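Here the structure of chain U is known, so what remains is to put chains W, F, G, E and L in place on it, guided by the hints.
There are 6 protein chains.
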Amino acid sequence: MQTAIYAGTFDPMTLGHFDLVERSAGLFERVILAVVATSSKSTLFSVEERLALTREVVKPLANVVVDAFEGLLIDYARHQGVRVLIRGVRAYSDFEYEFRMALTNRKLAPEIETLFMMPSETQSYVSSSLVKEVAARGGDVSMFVAPGVQRALWSKFRGGSHDHSSE
Amino acid sequence: MQTAIYAGTFDPMTLGHFDLVERSAGLFERVILAVVATSSKSTLFSVEERLALTREVVKPLANVVVDAFEGLLIDYARHQGVRVLIRGVRAYSDFEYEFRMALTNRKLAPEIETLFMMPSETQSYVSSSLVKEVAARGGDVSMFVAPGVQRALWSKFRGGSHDHSSE
Amino acid sequence: MQTAIYAGTFDPMTLGHFDLVERSAGLFERVILAVVATSSKSTLFSVEERLALTREVVKPLANVVVDAFEGLLIDYARHQGVRVLIRGVRAYSDFEYEFRMALTNRKLAPEIETLFMMPSETQSYVSSSLVKEVAARGGDVSMFVAPGVQRALWSKFRGGSHDHSSE
Amino acid sequence: MQTAIYAGTFDPMTLGHFDLVERSAGLFERVILAVVATSSKSTLFSVEERLALTREVVKPLANVVVDAFEGLLIDYARHQGVRVLIRGVRAYSDFEYEFRMALTNRKLAPEIETLFMMPSETQSYVSSSLVKEVAARGGDVSMFVAPGVQRALWSKFRGGSHDHSSE
Amino acid sequence: MQTAIYAGTFDPMTLGHFDLVERSAGLFERVILAVVATSSKSTLFSVEERLALTREVVKPLANVVVDAFEGLLIDYARHQGVRVLIRGVRAYSDFEYEFRMALTNRKLAPEIETLFMMPSETQSYVSSSLVKEVAARGGDVSMFVAPGVQRALWSKFRGGSHDHSSE
Amino acid sequence: MQTAIYAGTFDPMTLGHFDLVERSAGLFERVILAVVATSSKSTLFSVEERLALTREVVKPLANVVVDAFEGLLIDYARHQGVRVLIRGVRAYSDFEYEFRMALTNRKLAPEIETLFMMPSETQSYVSSSLVKEVAARGGDVSMFVAPGVQRALWSKFRGGSHDHSSE
Chain U
1 MQTAIYAGTF
11 DPMTLGHFDL
21 VERSAGLFER
31 VILAVVATSS
41 KSTLFSVEER
51 LALTREVVKP
61 LANVVVDAFE
71 GLLIDYARHQ
81 GVRVLIRGVR
91 AYSDFEYEFR
101 MALTNRKLAP
111 EIETLFMMPS
121 ETQSYVSSSL
131 VKEVAARGGD
141 VSMFVAPGVQ
151 RALWSKFRGG
161 SHDHSSE
Chain W
1 MQTAIYAGTF
11 DPMTLGHFDL
21 VERSAGLFER
31 VILAVVATSS
41 KSTLFSVEER
51 LALTREVVKP
61 LANVVVDAFE
71 GLLIDYARHQ
81 GVRVLIRGVR
91 AYSDFEYEFR
101 MALTNRKLAP
111 EIETLFMMPS
121 ETQSYVSSSL
131 VKEVAARGGD
141 VSMFVAPGVQ
151 RALWSKFRGG
161 SHDHSSE
Chain F
1 MQTAIYAGTF
11 DPMTLGHFDL
21 VERSAGLFER
31 VILAVVATSS
41 KSTLFSVEER
51 LALTREVVKP
61 LANVVVDAFE
71 GLLIDYARHQ
81 GVRVLIRGVR
91 AYSDFEYEFR
101 MALTNRKLAP
111 EIETLFMMPS
121 ETQSYVSSSL
131 VKEVAARGGD
141 VSMFVAPGVQ
151 RALWSKFRGG
161 SHDHSSE
Chain G
1 MQTAIYAGTF
11 DPMTLGHFDL
21 VERSAGLFER
31 VILAVVATSS
41 KSTLFSVEER
51 LALTREVVKP
61 LANVVVDAFE
71 GLLIDYARHQ
81 GVRVLIRGVR
91 AYSDFEYEFR
101 MALTNRKLAP
111 EIETLFMMPS
121 ETQSYVSSSL
131 VKEVAARGGD
141 VSMFVAPGVQ
151 RALWSKFRGG
161 SHDHSSE
Chain E
1 MQTAIYAGTF
11 DPMTLGHFDL
21 VERSAGLFER
31 VILAVVATSS
41 KSTLFSVEER
51 LALTREVVKP
61 LANVVVDAFE
71 GLLIDYARHQ
81 GVRVLIRGVR
91 AYSDFEYEFR
101 MALTNRKLAP
111 EIETLFMMPS
121 ETQSYVSSSL
131 VKEVAARGGD
141 VSMFVAPGVQ
151 RALWSKFRGG
161 SHDHSSE
Chain L
1 MQTAIYAGTF
11 DPMTLGHFDL
21 VERSAGLFER
31 VILAVVATSS
41 KSTLFSVEER
51 LALTREVVKP
61 LANVVVDAFE
71 GLLIDYARHQ
81 GVRVLIRGVR
91 AYSDFEYEFR
101 MALTNRKLAP
111 EIETLFMMPS
121 ETQSYVSSSL
131 VKEVAARGGD
141 VSMFVAPGVQ
151 RALWSKFRGG
161 SHDHSSE
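Chains as they are written, first to last, in our numbering: chain U, 1 to 167; chain W, 1 to 167; chain F, 1 to 167; chain G, 1 to 167; chain E, 1 to 167; chain L, 1 to 167.
In isolation and in its complexed conformation, chain U is listed as follows:
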């Protein structure tokens, strides 16, 4: 039980995600933060942007590596020789979807186990979509995301003019 995978779209990574990665990094020898390259939902950030932002956020965690993957998560996990998937559960509607996905994954790959963890209660209601919605309307998201992610959101929604105006 040395390596665990924490997968997601991370569009963008929130402090709730970071809280979970940090907890996982404290329990496992190595954590692979696996960014979904292609997604059924269209993303705000490209996979390259999401990889770069995520790498910057988790830099302080020495035993966390960031990677991207395509196809099924269980195929990626098998390829990496990993048997443990970490999922965060924030609330009920979350759990519903997570429950179905984990049971489906178990049917497809019985040797892989999904472990659920709770984020800190101060981050438990934060989601990427809420963060994007607040940022799109000009709200302050500094309490929900890391500074680099905040700047990236600012650039997306303000056409990059922020960087210039601060020169």
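Because the hints were derived from the structure by calculation, they are not lab data. Just to be clear, a hint being listed does not mean it is correct.
In this list, chains with the same sequence are indistinguishable; a pair is considered to hold if it fits within one copy or across any two.
What the hints assert, rightly or not - 16 Å max Cα-Cα, derived EDC-like pairs, lysine to aspartate or glutamate:
hint : residue 1 : residue 2
1    : Lys107    : Asp140
2    : Lys132    : Glu22
3    : Lys107    : Glu133
4    : Lys132    : Glu49
5    : Lys156    : Glu133
6    : Lys107    : Glu121
7    : Lys156    : Glu48
8    : Lys156    : Glu70
Just so it is clear, the structure is predicted and the values come from calculations on it, not from any experiment.
Relative to the frame of chain U, chains W, F, G, E and L by itself:
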């Protein structure tokens, strides 16, 4: 605690919405019914149409004013000097989203409080999207929306031919 | 109580759907499996494809007929002279939507009753969208759908090359 | 599918229960209203009282018979030659328990099917325990139970003095 | 809308309760904290103890008065001339019960409205029963209750020996 | 992350519990199955009986030890030097309670993490109380518990006469 804001997309206003506005108008000196001008969801009715329909429906309530707003609801509330937001809770899945949104708003604007109210149980399952779905398939929505909204839905889904045929 | 309608998009039919149809066919003299012809959600399979796939899957059930319908389900049921609608409930989020829809249908057509049934627990987490997501990513869906549906999914996501390669 | 069983503690029967029995009686040739004789919960009314009250309430429904049973419901159903159990679902927490019980029953008796029905939304929040709580505190329960049940509750909580005072 | 009632068993009052009273006191001119004198659940603290502990906790809030009541909450509210009831919602299972209770109260007293508020997310999972369970097993509850309540719990579960040992 | 604790009342152990222990034993070097010695709920089996039954059931799992504990679980975990608690989540109402308990434990012992796992879907609805209810009414529980537990239930509810009658 003299003024409260009841915000939403109102695409279109249902009798469930009206029930909540009426209850709020009985508790507060003044209620601002705030129509979200821009929405992440594409709306059936334009913001002008939604304002007009909503104004017509709440006309009997003397202490209710209808307004549109852009950006974050808490910024609008601050601008109006209002500290109370009213939200309806119809059922569980509702509450989940409402809970997250209210906690996010509280983080962004701690001085503003969200109060949740229940609509009448006879309207508790009605939603704008259900109403649109029924109307789009030719169903009778007179039990779920006010007459003016019903006519507007009819025009949308029947290409306005209804008005002519009744001449 | 001789005939019941089991309606859905069936995009595509899963073994969870089949489980419910089989149970219904054991309780009612006749079951109409009613495929929604037009849907607010865009479907992967055309209505003709969904009819063909569904007919193939339920062929072993002598008292099940497959049909397509447009408009409101309750109008279709009235037209068929049927007073019982069958719905499956897999889990909570399901039930929420089903609950609202059933109460709306009851308001529109008080003489029609909705009966809820549970699929087998081994199929209770399977949904058409999960199946499509797994198939789109190259996963094996043979445990979730009938062989004909599996081939159809394969053709959709592999451009039909599968049929040629097996010649 | 001629006979269905609707079982419960009925301590006491509410108008929500009656609503469900009435709907069932409209769908099935015969409905057995099966009163649980022994219960893990201690009841306010004895099984004889519950039988008498229930019989009085359902008297207008010609095809409903009231009976008591001990032991497992599925054993009673088998003994009666009945394959359909009716359960009401009022809300989420209900459904959770009902779901587990129905899956357990299916494991014990695969030939018996549980069908769930929704009570009228105007009765959907009424429960026997809520009714007893309101009555115990001197509240008016005439909107939630039949007149005979109301008198019985009155006698229980007022020591039968009601009958004398009305002489 | 000058006075609101916040009722409960308060066995004992938690910091989650206090958070809600404080929020209510900021919105309403006067808040009556109404302690249920008799309860269907047997309480750890007598009503006198609960009144004393609660009074001590809310002393800093000038516009909050503490009172006890018997019978139905709506009868107490009517007697006090109050039209607003405040309820906290911590999570789903909470809301379910609250929803039913509020709809029942509305049926019994249509002129009285129930407003739901959310406690701070850092207190959202605290409940009186959890606090009692932790205290009974010798755990530290200083993060969940006020100092006076902590001392009272200590006395209950340690036979008052704590006070002597600290002399 | 070599040792994990899976705690519970185990009154009695079900196949759902066993499924979780088996999964945990496959992921961790050592699993302590910790039986709650004293419980707020009165138990059917004494702690000695529960220990004996549980030990018999998990005998095939070489890296699982069975122990009893009093007081707070986190105090026991600290005493054992264990930082990981395993909890099963069967469904929504479960998760609600588990969520609160885990957040409370985290507040009391931030260095201890709770990991949630799903039992097999074929065991997901089984609970100790359901098993006891079925057994008390004379039902067959062989699909829900191990043979030894089944015999123990039989003895409890049939006064031990079963052992004699089989001689």
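inquiry  = Name the hints, by number, that the structure is in violation of.
reply    = Going through the list in order, the structure violates hints 2 and 8 and respects the others.
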